[in-house]
Amino acid sequence: DARVTQTPRDKVTEMGQEVTMRCQPILGHNTVFWYRQTMMQGLELLAYFRNRAPLDDSGMPKDRFSAEMPDATLATLKIQPSEPRDSAVYFCASGLTTSGDTEAFFGQGTRLTVV
Amino acid sequence: AQKVTQAQTEISVVEKEDVTLDCVYETRDTTYYLFWYKQPPSGELVFLIRRNSFDEQNEISGRYSWNFQKSTSSFNFTITASQVVDSAVYFCALSEVGGNEKLTFGTGTRLTIIP
Numbered sequence: 043d044a045r046v047t048q049t050p051r052d053k054v055t056e057m058g059q060e061v062t063m064r065c066q067p068i069l070g071h072n073t074v075f076w077y078r079q080t081m082m083q084g085l086e087l088l089a090y091f092r093n094r095a096p097l098d099d100s101g102m103p104k105d106r107f108s109a110e111m112p113d114a115t116l117a118t119l120k121i122q123p124s125e126p127r128d129s130a131v132y133f134c135a136s137g138l139t140t141s142g143d144t145e146a147f148f149g150q151g152t153r154l155t156v157v
Numbered sequence: 820a821q822k823v824t825q826a827q828t829e830i831s832v833v834e835k836e837d838v839t840l841d842c843v844y845e846t847r848d849t850t851y852y853l854f855w856y857k858q859p860p861s862g863e864l865v866f867l868i869r870r871n872s873f874d875e876q877n878e879i880s881g882r883y884s885w886n887f888q889k890s891t892s893s894f895n896f897t898i899t900a901s902q903v904v905d906s907a908v909y910f911c912a913l914s915e916v917g918g919n920e921k922l923t924f925g926t927g928t929r930l931t932i933i934p
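For the record, the sequence lines run as chains A and B.
Offset between the first sequence (1-based) and our numbering: plus 42.
Offset between the second sequence (1-based) and our numbering: plus 819.
Calculated directly from the structure, the hints in this document are not laboratory data.
Idealized CB from N, CA, C, for every residue including glycine.
Among the clues, some could well be false.
[Claimed, not checked] So the derived list for chain A, only partly shown, Cβ under 10 Å to chain B, looks like this: (1) Gly70; (2) Thr73; (3) Tyr77; (4) Gly84; (5) Leu85; (6) Leu87; (7) Phe107; (8) Phe133.
[To be verified] Here are the computed lysine-lysine pairs in the DSSO-like style, where the Cα-Cα straight-line distance is at most 27 Å: (9) B:Lys822 x A:Lys104; (10) A:Lys53 x B:Lys822; (11) A:Lys53 x A:Lys120; (12) B:Lys822 x B:Lys889; (13) A:Lys104 x A:Lys120; (14) B:Lys857 x B:Lys822.
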């Protein structure tokens, strides 16, 4: 049963620390998304990649957030330095894009708490 | 700009009752996709359905059915003979086709099925 795998599932860190979240997309999927879920903003897109190239990161605070795909089996989202307002659930999703259509499957999320 | 509205914040029904979750969307695109996702208490986002804007046929999958009406920009979701396991937050979402496939989510409807 193919699924998107995210690690860690939960992370508590102190303000100012670096946080790295990892995502293993479903094998063969060429599009990877990072979404953030908060009570105030709901679900919002941070960034997404196609064939490992960043396509849109307009939803991501550039000063502290960075997203990369070192290879086709790993996507990372890094926050440095972290702040309490970054506390949220971060979801990774992957999909196979054909003819401009992508059906996204989500991981279980990383719950980040910054204290 | 795209927008998805789920006016019902919370709904409670007694088990075995039918329940309909409303979704209204706004988009300037002529081609788009509509989605429903389920988020159970465990937190993951479970894909339920994707519908192309050119396909207005209603869809039925077991106890679930979806009514897509382009004339009213609505994509409503009905659960027939509800069960306690249906308790979750349900999200409606919209994406463009052929360019930016990011999902624009509604704020979700929390459905509680009372035994």
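The hint names Thr73 (chain A) as touching chain B; please verify it with the least Cβ-Cβ distance against 10 Å.
holds (7 Å)
Decide if the proposed pair is consistent with the structure: Lys53 (chain A) and Lys822 (chain B), CA atoms, cutoff 27 Å inclusive.
violated (31 Å)
Keeping to a limit of 27 Å between CA atoms, is the pair of Lys822 (chain B) and Lys889 (chain B) held or broken?
holds (15 Å)
Interface hint check: Leu85 (chain A), Cβ to nearest Cβ on chain B, cutoff 10 Å. Holds or violated?
Given a least distance of 4 Å, the restraint on Leu85 (chain A) holds.
Does Phe133 (chain A) pass the interface check with chain B, least Cβ-Cβ distance below 10 Å?
holds (6 Å)
Agreement of hint Gly70 (chain A) with chain B interface, Cβ distance less than 10 Å
Status violated, d = 17 Å.
Next item in the hint list is Phe107 (chain A). Is there a CB on chain B closer than 10 Å to its CB?
violated (16 Å)
Given the proposed pairing of Lys857 (chain B) with Lys822 (chain B), does the C-alpha separation stay at or below 27 Å?
Between Lys857 (chain B) and Lys822 (chain B) the Cα gap is close to 19 Å, so the pair holds against 27 Å.
Check the hint pairing Lys53 (chain A) with Lys120 (chain A) against an upper bound of 27 Å on the C-alpha distance.
holds (13 Å)
Using Cβ atoms only, decide whether Leu87 (chain A) comes closer than 10 Å to chain B, and label the hint accordingly.
Interface hint status for Leu87 (chain A): holds (4 Å vs cutoff 10 Å).
Under 10 Å is the threshold here; is the Cβ of Gly84 (chain A) close enough to any Cβ of chain B for the hint to stand?
holds (5 Å)
Can you confirm whether the C-alpha distance between Lys104 (chain A) and Lys120 (chain A) stays at or below 27 Å?
With Cα atoms ~11 Å apart, Lys104 (chain A) and Lys120 (chain A) stay inside 27 Å; holds.
Violated hints, listed in ascending order, are 1, 7 and 10; each of the other numbered hints is respected by the structure.
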